[in-house]
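Peer 1: Here's the letter readout for the chains.
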Amino acid sequence: MHLFLTYTILGLVTGAVYGIAASGLVLTYTTSGIFNFAQGAMAMLAAFTYWQFRYGWNWPAPLALFAVLVVLAPLLGMVLYVGIMRGLRQTSDVTKIVVTIGIMLGLIALAQWIWSPGVPRTDGLFFGNTAKFKVLGVYVTDHEAIALACGVLIAVGIRLLFTSTRTGVAMRAVVDNPALLQLNGGRPERLAAFSWALGGALAALAGILITPISGGTLDVHVLTLLVLDSIAAAMFGRLRSIWLTFAGALFLGLASTYVLGYFPESWSWASNFRIALPMIVLFVVLIVLPQDRLRGATLLRTRERFTVPTMRSAVTWGGILLAVVLLLEQIMGSSDMGSLTIGIIFGIIALSLTLLTGYAGEINLAPVSFGAIATIIVFHLGLSGSGTAQRITFWGLLLGMAVTAVVGGLIALPALRLRGLYLALATLAFGVFVSDMIIADIAPHVLPIFHLNYSIFPNGTLQIPALKLGPIDLSSSKTFLTTATCIFILIGIGLIALRRSNYGRRLTAMKDSPAAAATLGQNLIKLKLSVFMISAAIAGLGGILLSSASVSVNSDTFIIFISLALVMLTVVGGIGNVAGALMGGILAGTAFQALTSTFSNLSTDAGGGGFWSVMANLSLVAPALVGISLGRNPSGAVPDIVARYKPLWQTKGVLLLGVMAEVVAYLLVLTKVFGNWWFVLASALIAIALPAVGRLVEPEAFRPPAKVKPARERPAAVPAPEPLVEGVADARP
Amino acid sequence: MPVLEVSDVCVAFGGAQVLSDVSLTVAEGGVTGLIGPNGAGKTTLFNVVSGLLAPRSGRVSIDGHDVTNAGPARRARRGLARTYQRLELFTSLTVRDNIQVAGEIRNTWSRRGRIDVTAETDRVIELVGLGDVADREVSELPTGRARVVELARALMTQPKVLLLDEPASGQTEQETEAFGRLLRQLVEDRDLAICLVEHDVGLVMGTCQHIHVLDYGEVIASGTPEQVKVDPVVVNAYLGAP
Numbered sequence: 001m002h003l004f005l006t007y008t009i010l011g012l013v014t015g016a017v018y019g020i021a022a023s024g025l026v027l028t029y030t031t032s033g034i035f036n037f038a039q040g041a042m043a044m045l046a047a048f049t050y051w052q053f054r055y056g057w058n059w060p061a062p063l064a065l066f067a068v069l070v071v072l073a074p075l076l077g078m079v080l081y082v083g084i085m086r087g088l089r090q091t092s093d094v095t096k097i098v099v100t101i102g103i104m105l106g107l108i109a110l111a112q113w114i115w116s117p118g119v120p121r122t123d124g125l126f127f128g129n130t131a132k133f134k135v136l137g138v139y140v141t142d143h144e145a146i147a148l149a150c151g152v153l154i155a156v157g158i159r160l161l162f163t164s165t166r167t168g169v170a171m172r173a174v175v176d177n178p179a180l181l182q183l184n185g186g187r188p189e190r191l192a193a194f195s196w197a198l199g200g201a202l203a204a205l206a207g208i209l210i211t212p213i214s215g216g217t218l219d220v221h222v223l224t225l226l227v228l229d230s231i232a233a234a235m236f237g238r239l240r241s242i243w244l245t246f247a248g249a250l251f252l253g254l255a256s257t258y259v260l261g262y263f264p265e266s267w268s269w270a271s272n273f274r275i276a277l278p279m280i281v282l283f284v285v286l287i288v289l290p291q292d293r294l295r296g297a298t299l300l301r302t303r304e305r306f307t308v309p310t311m312r313s314a315v316t317w318g319g320i321l322l323a324v325v326l327l328l329e330q331i332m333g334s335s336d337m338g339s340l341t342i343g344i345i346f347g348i349i350a351l352s353l354t355l356l357t358g359y360a361g362e363i364n365l366a367p368v369s370f371g372a373i374a375t376i377i378v379f380h381l382g383l384s385g386s387g388t389a390q391r392i393t394f395w396g397l398l399l400g401m402a403v404t405a406v407v408g409g410l411i412a413l414p415a416l417r418l419r420g421l422y423l424a425l426a427t428l429a430f431g432v433f434v435s436d437m438i439i440a441d442i443a444p445h446v447l448p449i450f451h452l453n454y455s456i457f458p459n460g461t462l463q464i465p466a467l468k469l470g471p472i473d474l475s476s477s478k479t480f481l482t483t484a485t486c487i488f489i490l491i492g493i494g495l496i497a498l499r500r501s502n503y504g505r506r507l508t509a510m511k512d513s514p515a516a517a518a519t520l521g522q523n524l525i526k527l528k529l530s531v532f533m534i535s536a537a538i539a540g541l542g543g544i545l546l547s548s549a550s551v552s553v554n555s556d557t558f559i560i561f562i563s564l565a566l567v568m569l570t571v572v573g574g575i576g577n578v579a580g581a582l583m584g585g586i587l588a589g590t591a592f593q594a595l596t597s598t599f600s601n602l603s604t605d606a607g608g609g610g611f612w613s614v615m616a617n618l619s620l621v622a623p624a625l626v627g628i629s630l631g632r633n634p635s636g637a638v639p640d641i642v643a644r645y646k647p648l649w650q651t652k653g654v655l656l657l658g659v660m661a662e663v664v665a666y667l668l669v670l671t672k673v674f675g676n677w678w679f680v681l682a683s684a685l686i687a688i689a690l691p692a693v694g695r696l697v698e699p700e701a702f703r704p705p706a707k708v709k710p711a712r713e714r715p716a717a718v719p720a721p722e723p724l725v726e727g728v729a730d731a732r733p
Numbered sequence: 734m735p736v737l738e739v740s741d742v743c744v745a746f747g748g749a750q751v752l753s754d755v756s757l758t759v760a761e762g763g764v765t766g767l768i769g770p771n772g773a774g775k776t777t778l779f780n781v782v783s784g785l786l787a788p789r790s791g792r793v794s795i796d797g798h799d800v801t802n803a804g805p806a807r808r809a810r811r812g813l814a815r816t817y818q819r820l821e822l823f824t825s826l827t828v829r830d831n832i833q834v835a836g837e838i839r840n841t842w843s844r845r846g847r848i849d850v851t852a853e854t855d856r857v858i859e860l861v862g863l864g865d866v867a868d869r870e871v872s873e874l875p876t877g878r879a880r881v882v883e884l885a886r887a888l889m890t891q892p893k894v895l896l897l898d899e900p901a902s903g904q905t906e907q908e909t910e911a912f913g914r915l916l917r918q919l920v921e922d923r924d925l926a927i928c929l930v931e932h933d934v935g936l937v938m939g940t941c942q943h944i945h946v947l948d949y950g951e952v953i954a955s956g957t958p959e960q961v962k963v964d965p966v967v968v969n970a971y972l973g974a975p
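Residue numbers (the working numbering), protein chains in the order written: chain A, 1 to 733; chain W, 734 to 975.
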């Protein structure tokens with residue numbers, strides 16, 4: 001009984017903190033329609049800032065709390081809303097999700113920059129470890145009591161805010177119809193900014209409260225994920241009900257402490273299970289959620305535009321890419337080649353997103369985790385030979401892809417009835433689950449009945465050998481790079497052919513208006529399932545190649561943040577284009593690492609610190625900044641680049657000149673007159689100079705084309721926009 | 734036998750009763766009008782019939798089959814097609830692809846054999862008169878033409894019953910006249926029943942054989958255009974009590 005009480009109290013306290021964080025999520029989602037994936041990172045940043053004030057600078061606790069909870073955190077929330085979120089109206093779910101993920105990654109990079117991860121830091125309990133009192137024979141620390149009290153106060157407070165104050169009622173109206181609210185004298189912008197400020201404060205409170213309870217050690221990734229767990233609680237309340245959210249939070253808190261307390265010690269996976277529990281719960285909640293009503297096209301049209309290339313231009317560009325890579329192979333060292341190979345392989349994984357997100361409008365936040373599944377299958381079942389002669393077999397590769405496709409289907413199935421955001425959350429839950437339970441499963445088990453010894457991820461590190469495709473052995477880095485490029489090109493051309501086929505048109509129809517596609521007889525679940533499985537298989541293929549290129553893989557290879565960065569950078573490149581996938585992959589796999597390591601080396605050469613070290617840190621934050629900027633240009637970078645260089649076709653002379661300059665630079669490098677960095681620099685200069693020169697020669701061609709008629713507005717003749725399915729406008733008072 | 738039958742359908746949003754015990758039928762091979770003031774519940778009824786909205790109670794049957802519990806796709810397979818008052822076009826596709834994809838979707842489910850989608854698309858584009866804009870992006874079209882694209886798209890599934898939700902709003906007078914001729918031609922050529930929600934009196938009176946009048950979520954009158962036009966209850970609903 002004593003033990004039970006101890007666990008119950010601990011569970012309630014954890015639950016209260018989950019509830020605080022989750023209510024912040026609900027609040028911002030209700031008022032701005034944006035699901036804030038950065039909530040966990042905001043909590044993490046607040047915990048670090050509090051540590052800095054309280055323990056770094058020895059401020060008194062009340063002052064430190066005031067500075068974080070009342071000043072900085074609300075300010076951060078408000079700045080995020082006013083500076084970024086406000087610009088996301090009329091963008092697709094994908095863009096909204098990616099921008100908050102960008103903020104999350106940015107805050108993580110920022111925290112690592114300010115507080116170097118090597119130094120250990122701990123937050124203590126409020127009033128210290130000795131401040132505790134006895135309830136029913138069990139000690140409760142003051143800190144725990146405070147956390148519980150905060151939870152109760154906030155649950156009641158927000159509930160009252162929503163139901164009994166004018167502000168709160170207006171807040172609930174914002175997301176339904178901001179225009180209508182404005183006509184009634186409400187101020188939707190101000191309300192949303194206010195709720196983001198409040199959401200920031202709630203995240204901060206959760207971060208500060210949970211850190212000491214969960215051991216006190218400040219770790220950027222652990223803290224971010226810990227608070228991210230509160231998503232499961234928010235889902236209990238369907239992102240609406242505060243009571244249900246808190247009920248879900250308490251359930252989560254209690255369940256995780258009871259698992260800790262009552263699962264037998266012989267279950268080696270129990271502690272992993274406890275960590276993964278919130279994500280498992282999230283997944284189960286998604287299964288039992290009632291079906292969403294089908295949505296029609298978004299109110300006006302979204303701002304994203306993608307064009308589909310012809311097959312001829314797809315094949316041409318594939319040939320050009322292959323030629324460029326073959327030429328580069330002649331001048332690259334093997335470590336540079338390895339780094340480019342990783343970039344291209346990330347590009348292959350990104351192609352799974354081009355299909356799923358770009359064509360079908362669904363979201364997968366954990367493509368690399370699907371790669372992890374494929375890797376594990378290949379490791380156990382797809383290898384032949386031993387020692388240095390060990391290779392991945394072709395059949396192993398196929399098996400890995402097939403299993404990944406099936407797993408992908410199983411993960412997606414429950415979420416397919418629901419809106420895009422929920423599928424995104426289901427994949428996020430899956431990604432974290434893979435890290436917490438499958439990759440963390442390093443101890444050997446005995447399989448019952450068969451009495452076989454096995455372990456899913458033996459010793460936490462897998463050695464993955466090279467692939468052998470018939471006569472082609474990928475053990476040389478040059479062959480690997482060429483083959484990876486060819487695979488990328490083949491899948492890329494395949495995707496474009498798919499998009500131009502009737503299957504591709506049906507996907508586009510589903511993306512543009514699920515309601516219309518369904519009323520034409522399209523079985524949406526079947527279509528979504530099939531596209532998700534194909535996409536998972538591509539991600540699996542990429543994952544196997546990634547593991548093979550990395551030689552030895554561990555939990556860091558597949559951590560969820562890598563998936564998130566890849567998703568973000570692919571959307572930045574252009575989620576609707578194959579070229580965008582290449583750009584996203586190379587940015588994620590090659591470019592930013594190259595920048596960071598270059599700057600770090602320069603900084604070390606210069607004796608550490610100083611300008612180069614700032615640049616190195618900046619290039620860590622850079623990807624996130626790029627992601628956040630997406631709100632301005634939701635179609636991604638590739639369409640912009642195409643628009644800038646396209647007029648060069650009309651100034652063939654300039655184009656030829658550019659190509660010749662590039663050839664000369666290449667030959668100089670090949671004959672070792674120049675080093676590789678000079679080549680990179682020269683190529684960049686040529687690329688920048690070309691459009692400028694073209695404009696000088698032929699200004700007409702570069703004039704921006706006459707604006708096509710902008711997106712069609714609601715015609716005045718049609719009565720007020722009527723929600724297609726809700727039909728509320730049909731209801732007269 | 735009616736090709737579409739709605740019996741005792743009730744829908745409420747929160748406390749607002751939007752449809753109360755609505756029963757009506759759409760006969761084979763003709764145009765049935767569904768009229769009523771704004772907010773009468775016409776679009777809601779269409780959403781119930783096409784399976785986008787579950788009624789609180791009541792039944793819907795298409796072509797003699799009870800589809801009350803079926804999703805929108807299964808109803809389409811029973812021969813139902815519709816257009817939307819708030820356009821639901823596939824905005825990333827061209828006009829031709831919007832129409833073609835409907836035929837391609839049809840081919841995935843139809844038991845009456847596959848159609849040659851390309852040829853059928855050309856035929857329908859010709860029939861509704863969209864030849865001049867076939868390769869344009871749908872988002873570039875004015876609303877009136879965009880509504881015709883929705884009609885063409887619906888025709889590609891070769892439906893038995895077609896629901897048209899205010900197809901003439903946003904059309905010019907000439908366009909509406911041509912549209913009326915097109916509807917009459919469709920009914921003659923294709924063994925098709927049409928249910929038309931429309932405010933354009935000329936179009937309704939000129940094409941409908943039978944009219945149901947909806948007001949405050951209830952059917953207040955049914956009959957031929959001539960009967961409905963002089964029905965005092967209908968006049969009252971539109972113009973208010975004298």
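Simulated from the structure, these hints should not be mistaken for lab results.
Honestly, I wouldn't trust all of these hints.
[What the hints assert, rightly or not] Label pairs and their calculated CB-CB ranges: (1) A:ARG500 / W:GLU859: 56 to 64 angstroms; (2) W:ASP868 / A:ALA402: 49 to 57 angstroms; (3) A:LEU685 / W:GLU859: 21 to 29 angstroms; (4) A:THR316 / W:ASP849: 28 to 36 angstroms; (5) A:LEU75 / W:VAL934: 57 to 65 angstroms.
[As the list claims (entries may be wrong)] Simulated pairs of lysine to any residue, SDA-like, Cα-Cα distance not exceeding 25 angstroms: (6) A:LYS526 / W:ASP855; (7) A:LYS672 / A:PRO212; (8) A:LYS672 / A:LEU657; (9) A:LYS132 / A:HIS143; (10) A:LYS134 / A:GLY124; (11) A:LYS526 / W:THR801; (12) A:LYS526 / W:ALA787; (13) A:LYS526 / W:SER955; (14) W:LYS893 / W:ARG792; (15) A:LYS526 / W:ASP799; (16) A:LYS526 / W:GLU873; (17) A:LYS526 / W:ASP849; (18) A:LYS526 / W:SER843; (19) A:LYS526 / W:ARG869; (20) A:LYS526 / W:ASN802; (21) A:LYS526 / W:THR841; (22) A:LYS646 / W:GLU873; (23) A:LYS134 / A:LEU239; (24) A:LYS526 / W:ARG845; (25) A:LYS652 / W:SER955; (26) A:LYS672 / W:GLU908; (27) A:LYS646 / W:ARG845; (28) A:LYS646 / W:ARG807; (29) A:LYS526 / A:PRO414; (30) A:LYS478 / A:LYS652; (31) A:LYS526 / W:ARG807; (32) A:LYS652 / A:ALA701; (33) A:LYS468 / A:PRO414; (34) W:LYS893 / W:GLY804; (35) A:LYS672 / A:LYS132; (36) A:LYS646 / W:ARG869; (37) W:LYS893 / W:SER955.
Here a beta-carbon is modelled for each residue, glycine too, at the ideal position from N, C-alpha and C.
Peer 1: So, for every hint listed, does it hold in this structure?
Peer 2: Against the structure, the hints come out as follows:
no.	hint	in the structure
1	A:ARG500 / W:GLU859: 56 to 64 angstroms	violated (24 angstroms)
2	W:ASP868 / A:ALA402: 49 to 57 angstroms	violated (40 angstroms)
3	A:LEU685 / W:GLU859: 21 to 29 angstroms	violated (55 angstroms)
4	A:THR316 / W:ASP849: 28 to 36 angstroms	holds (31 angstroms)
5	A:LEU75 / W:VAL934: 57 to 65 angstroms	holds (59 angstroms)
6	A:LYS526 / W:ASP855	violated (29 angstroms)
7	A:LYS672 / A:PRO212	violated (58 angstroms)
8	A:LYS672 / A:LEU657	holds (23 angstroms)
9	A:LYS132 / A:HIS143	holds (8 angstroms)
10	A:LYS134 / A:GLY124	holds (20 angstroms)
11	A:LYS526 / W:THR801	holds (21 angstroms)
12	A:LYS526 / W:ALA787	holds (21 angstroms)
13	A:LYS526 / W:SER955	violated (41 angstroms)
14	W:LYS893 / W:ARG792	holds (19 angstroms)
15	A:LYS526 / W:ASP799	holds (23 angstroms)
16	A:LYS526 / W:GLU873	violated (31 angstroms)
17	A:LYS526 / W:ASP849	holds (23 angstroms)
18	A:LYS526 / W:SER843	holds (16 angstroms)
19	A:LYS526 / W:ARG869	violated (30 angstroms)
20	A:LYS526 / W:ASN802	holds (19 angstroms)
21	A:LYS526 / W:THR841	holds (11 angstroms)
22	A:LYS646 / W:GLU873	holds (23 angstroms)
23	A:LYS134 / A:LEU239	violated (36 angstroms)
24	A:LYS526 / W:ARG845	holds (21 angstroms)
25	A:LYS652 / W:SER955	violated (71 angstroms)
26	A:LYS672 / W:GLU908	violated (72 angstroms)
27	A:LYS646 / W:ARG845	violated (47 angstroms)
28	A:LYS646 / W:ARG807	violated (46 angstroms)
29	A:LYS526 / A:PRO414	holds (12 angstroms)
30	A:LYS478 / A:LYS652	violated (34 angstroms)
31	A:LYS526 / W:ARG807	holds (13 angstroms)
32	A:LYS652 / A:ALA701	holds (12 angstroms)
33	A:LYS468 / A:PRO414	violated (37 angstroms)
34	W:LYS893 / W:GLY804	holds (18 angstroms)
35	A:LYS672 / A:LYS132	violated (72 angstroms)
36	A:LYS646 / W:ARG869	holds (21 angstroms)
37	W:LYS893 / W:SER955	holds (22 angstroms)
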